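Asker: This is what each chain is made of:
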Amino acid sequence: MKKTDLKISTIFIALIFVLLLGMLLSLSFGSEHIKLATIWNVLISQDENIDSIIVNALRVPRALLAALIGANLSVAGALMQCLTRNPLAEPKMMGVSGGASFIFVIATFFQLPISQNILTFLVFIGAALGGTLVYIISLYKNPSIGKLVLAGVSVSGFFYALTAGMLILLGEDAGAIYSWLAGGLAGVSWDHFYQILPWSIAALIFSFVITHYMNAYALGDEIAKSLGVNLFKIRIVLCLLVVILTGCAVCVSGVIGFLGLIVPHIVRRAFSDNFKIMLPFTALIGAILLVFSDLIARIIFMPIETPVGVITAFVGCPFFLYLIRKNSEKVV
Amino acid sequence: MKQTHFKYSHNQYRQIIIFFISFIFLFLFIAICSLIGDAKINYISLFPNVISNYLNNSILIEYRLPRLLIGACVGANFAISGAILQAVTKNPLAAPNVTGINAGSSFFSVLSLLIFANTNFFILPLASFTGAIFAGIVVYFFANKKGITPLRLILSGVAVDAFFHSGTTFILVNNTEAVGSIYVWLSGSLWGKEWSEFLFILPCSIIGIFVSIVLSKRINILNLSDEVIIGLGLNIKKNRIILLILAVFLSSTGVCLVGPIGFIGLIIPNIMRTLFKYDYKLIIPFSALGGAFLVILSDTIGRSVLAPIEIPAGLISSLLGSPYFIYLLLKSRF
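Chains as they are written, first to last, in this note's numbering: chain A, 7 to 338; chain B, 20 to 353.
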């Protein structure tokens, strides 16, 4: 056992370096190329030259946010899959992102006079609304995977129609809003980072703390009960964590799909389905994937930015199809 | 899905009469809806010679009538397409927008709109049809592993839908100047439709409806269990493929004109099935009528509620349709 522990921690540390490398690259590449060798000097210098502004005010918060949001969405996916005991659960497909972005669009584009913190809180409520609706519908009478997915599709469809209707009403700048809806990290700043940092960190740490209970819950209702887990409590806690993690992500980056679906699956296959090991790896690999996706999204069609949600969907959909075909006996 | 025991009731004449009455009522409905809208019509001036005054009113004849007639054709197309898909997959929750067909069709349409800047009347429907067929084949391939299960069909449909959807987004974001109008089209809108487009969709609809009514007996048989179908001597695979191509044809001709109007193909056949108990000879013509009514209603609501701003009919139909879909989900034992 000791040996595998050592191996796993080595991989973990190696992945941290990969993440750091990705963030370093994303500081360097972009519409304005800044040489890797000079990055460090730019970072610590106090000069107000263009390079320093680009790196310190734009790219550093962007790289940090990509990592944080990647971790958020992947962990949210893992928690949802645990909660529903359904390997295909994911925040975007379960209506959580739909509800959150609906509230966000109402608040932002009608310019409601509220502070950033209250806005974050309202988005959480939207996320909770979407998620709860789907969850209740899928549990009614005969719960099944198909019911969950279809409930997700219809609830998201409803919220999407409302959102799109409002956007058409406002009738301005459809392009920018469209790319926001598609999920993107363009134009994020330090403010965004500080806005979601406390919530995200708290939710991430809390989900690492309760992995013990999640392991028990994953064994099934009966066994979990006999192990002394309060089913109602753990469900509520998991729901809240999903809502906070997803809400934070939507606040900043719009709807980025499929990350929460792929990452937990990769980790479960590569390492372990023990949540104690799985959850930290999920957070880390999610962060790595989003940092690199964002990098690709920025440089693939310079100077136009592709929404990062498109990149994750291009990777995620084929993976999803592969899962359906591969696990057809077990899952579907 | 329940086994079907359709009996040919002796009062079939009654249903034919009901159909024709509803058909006439559809035209009355179109005429009434055309009077509602942003530009006010002086109703009193229409009297006493209502018909001749109506035909002389340029707003009605040039703007509203063609779009409503196109709405009727498109609604019929989407509804029949949904009915066929549901019968072939034996799944009451299948529909062109759930199975990825509409998304594939929109993706190829947007692509062709950008490649061939001058929208040719032949290229767009062709692209739309190709996209729909392509999406259909992909979904069929991934859902088919030792037979298709309804669940796998839905799941792969959702994934293919998401894939093409993000493909469309990808194109739009890289061509920002075109976004505004295409975005409205993507939400399913009847805005700015003309008589020439009606002349394109009308034959498509008539052919589609005619062929589906002719094939409705086979649809009834396909709805039975596979053993029974083989016992009745029907080639399952061949008939399934013919019907799927028909469904794709119907929905893609709709999509290339007005964009994907969601939920029509899902709700209407389900309502009709509760009324006519799995007899597709009746479900198909009545679905056509129901789809036409719903699109016209959605368009009229979208035009008039927040005038002068127009809400695309597709959004209205989604808002009306998704709660009903959720209700179906709650009720079904899927």
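Incorrect hints may appear among the rest.
Said to hold, decoys possible - SDA-like, lysine to any residue: derived pairs with alpha carbons at most 25 Å apart: (1) A/K332 x A/K147; (2) B/K164 x A/I131; (3) B/K109 x A/I272; (4) B/K164 x A/I272; (5) A/K147 x B/L339.
To be verified - Now the stretches of chain A that chain B is said to cover, found in silico as 3 or more residues with beta-carbon under 8 Å: (6) 134-148; (7) 163-170; (8) 218-226.
In short, the hints are calculated from the structure, not lab data.
This one's a predicted model, so the numbers in the text were calculated from it and none came from an experiment.
Idealized CB from N, CA, C, for every residue including glycine.
Asker: Hint by hint, say whether it matches the structure.
Answerer: Hint check:
A distance of roughly 28 Å separates the Cα atoms of A/K332 and A/K147; the hinted pair therefore is violated under the 25 Å criterion. Distance restraint check for B/K164 and A/I131: the Cα-Cα separation of roughly 41 Å exceeds the 25 Å cut-off, and the hinted pair is therefore not satisfied. Taking the CA atoms of B/K109 and A/I272, the gap is about 34 Å. The hint is violated against a cut of 25 Å. Of the supplied pair hints, the one linking B/K164 and A/I272 holds, its CA atoms being roughly 23 Å apart against a limit of 25 Å.
Among the hinted pairs, A/K147 with B/L339 is consistent with the structure: their alpha-carbon atoms are about 24 Å apart, no more than 25 Å. Given a C-beta distance limit of less than 8 Å, the hint that chain B covers the region 134-148 of chain A holds, as 4 residues qualify and 3 suffice. With a cut-off of 8 Å between beta carbons, the region 163-170 of chain A has 6 residues touching chain B; three or more are needed, and the interface restraint holds. Look at the region 218-226 of chain A against chain B: 0 of its residues bring a Cβ nearer than 8 Å to a Cβ of that chain, fewer than three, so the hint is violated.
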